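Take the sequences, apply the hints, and build the full model.
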Amino acid sequence: MTANSPLQRIGQEKGIAMGSQELQRKLGFWAVLAIAVGTTVGSGIFVSVGEVAKAAGTPWLTVLAFVIGGLIVIPQMCVYAELSTAYPENGADYVYLKNAGSRPLAFLSGWASFWANDAPSLSIMALAIVSNLGFLTPIDPLLGKFIAAGLIIAFMLLHLRSVEGGAAFQTLITIAKIIPFTIVIGLGIFWFKAENFAAPTTTAIGATGSFMALLAGISATSWSYTGMASICYMTGEIKNPGKTMPRALIGSCLLVLVLYTLLALVISGLMPFDKLANSETPISDALTWIPALGSTAGIFVAITAMIVILGSLSSCVMYQPRLEYAMAKDNLFFKCFGHVHPKYNTPDVSIILQGALGIFFI
1 MTANSPLQRI
11 GQEKGIAMGS
21 QELQRKLGFW
31 AVLAIAVGTT
41 VGSGIFVSVG
51 EVAKAAGTPW
61 LTVLAFVIGG
71 LIVIPQMCVY
81 AELSTAYPEN
91 GADYVYLKNA
101 GSRPLAFLSG
111 WASFWANDAP
121 SLSIMALAIV
131 SNLGFLTPID
141 PLLGKFIAAG
151 LIIAFMLLHL
161 RSVEGGAAFQ
171 TLITIAKIIP
181 FTIVIGLGIF
191 WFKAENFAAP
201 TTTAIGATGS
211 FMALLAGISA
221 TSWSYTGMAS
231 ICYMTGEIKN
241 PGKTMPRALI
251 GSCLLVLVLY
261 TLLALVISGL
271 MPFDKLANSE
281 TPISDALTWI
291 PALGSTAGIF
301 VAITAMIVIL
311 GSLSSCVMYQ
321 PRLEYAMAKD
331 NLFFKCFGHV
341 HPKYNTPDVS
351 IILQGALGIF
361 FI
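Per full-length UniProt numbering, numbering of the sequence shown is gapless, rising by one per residue and ending at 362.
Hints in this document: simulated from the structure, not taken from any laboratory. Keep in mind the model is a prediction, meaning the values are calculated, not measured. Every residue gets a Cβ at the ideal spot worked out from N, C-alpha and C, and that includes glycine. One or more hints might be untrue.
Using C-beta positions, here's what the derived DEER-type ranges look like [to be verified]:
#1 Lys275 x Leu172: 33 to 41 Å
#2 Gly28 x Leu108: 28 to 36 Å
#3 Glu164 x Pro291: 40 to 48 Å
#4 Leu157 x Trp115: 22 to 30 Å
#5 Ala356 x Ala112: 14 to 22 Å
#6 Pro120 x Asp140: 21 to 29 Å
#7 Pro104 x Ser295: 54 to 62 Å
#8 Trp111 x Asp274: 45 to 53 Å
#9 Pro291 x Leu157: 39 to 47 Å
#10 Gly294 x Glu195: 18 to 26 Å
#11 Gly101 x Gly134: 44 to 52 Å
#12 Ala154 x Trp60: 42 to 50 Å
#13 Ser222 x Ser162: 29 to 37 Å
Straight-line Cα separation of at most 25 Å, DSS-like style, residue types lysine-lysine; simulated pairs [as the list claims (entries may be wrong)]:
#14 Lys26 x Lys243
#15 Lys343 x Lys26
#16 Lys239 x Lys343
#17 Lys275 x Lys193
#18 Lys239 x Lys26
This is the structure we're talking about:
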C-alpha cells in the first residue's frame with residue numbers, strides 16, 4: 001500500500017469529496033485498533049474452540065487451524081486497507097461498491113445490511129448480555145427486555161455525545177475483554193497437561209484424513225475472525241487513514257490470532273480432547289479442570305462473556321450508523337440519517353433511529 005498505488009491515486013483525485021465531509025477526523029491509531037479488536041473478540045470464541053476441535057479431530061490440528069485461520073484473514077485485511085486508503089470515507093463496502101461503478105449493488109448492500117444485520121445485531125447482543133446476567137441471578141423475562149433496551153440506550157447516548165468519548169470507552173472495554181482471557185491463558189499454562197495432546201484423537205488416520213480435518217477446522221474458525229473490517233465504516237473520521245488503516249487492520253488481525261491460538265493451546269491442554277470436542281461451552285468446561293477455579297468457573301465465564309459482548313455492542317452502536325449516514329449523503333437512504341449534530345459532530349439521527357429499531361426487535 002504505497003502512496004503511488006493506483007487505488008490511492010484514484011482516492012486522491014476525489015479529494016474534494018473527502019475534504020468536504022461534515023464528520024471530522026478525530027480517531028487515532030489506538031482507538032481504531034481497539035474498535036477492530038473489540039468488535040472481533042465477541043461471543044463466538046466461547047463456543048468456537050469446541051467446534052474447531054470437533055472438526056479438526058486432534059489437539060495439534062485444532063491449534064494449527066486457528067493459526068492458519070488467522071493468517072488467511074491477513075490478505076483480506078490488506079484488501080480492505082488498500083480500499084480504505086483509496087476511499088477514506090465512511091461506509092465501508094457500500095462506498096467500495098459505489099466507487100467500483102455499481103451504484104445499484106451498493107444500494108442493495110446498504111439496505112440489506114441495515115435490515116438484516118445492523119439493527120438486529122444490537123438486539124441479539126443486548127439479549128445475550130442479559131442471558132449471561134441471568135446465570136448470576138434470576139431475571140424476569142420482561143425485566144430482562146427492559147435491561148437489554150437500557151443497554152442500547154446507554155450506548156446510544158455515549159456515542160451520540162462524543163466520538164472521542166466513545167473511542168475512549170471502547171479502548172477501555174477492549175482492554176477489559178483481554179484481561180480475563182489473559183488470566184485463562186496464564187492459569188492454563190500452569191495447569192497444562194501434555195498428555196492431553198498425546199491422547200487418542202477423533203480424526204481419521206492418515207495424511208488425507210488429517211488434511212481434510214484441518215480444512216474443516218480452519219473453516220470452523222472463520223466466524224471467530226469476523227469483525228476487524230468494521231473500522232472501515234468510520235474511515236472518514238480516522239486521522240491519517242493512509243497510515244492508520246493498514247496498521248490497525250493488520251495489527252488487529254495479528255493480535256486476535258495470537259490470543260485465539262494461545263486460548264486454543266491451553267484449553268486443549270487443560271481437558272481431555274474427547275470432552276473438548278463434544279463440549280458446547282469449552283472455555284467454561286476447561287476452567288473446571290483448574291483447581292483454583294473449580295465450581296466458580298461458570299461465574300467467571302459468565303462475567304467475562306458479559307464484558308466481551310458489552311464491548312461488541314458498544315462498537316456496533318458506534319460504527320454501524322455510519323453506513324446509513326453515508327448512504328443518506330448520496331440520497332440512497334432516508335435523508336434524515338445524514339444529519340450531523342452541530343455540537344457533538346456525530347450522526348445523531350442515524351444513531352438514534354438505528355438504536356430505536358434495535359430496541360423494537362427486542
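- request: Quick one: which hint numbers does this structure break? Sort them smallest to largest.
  value: none
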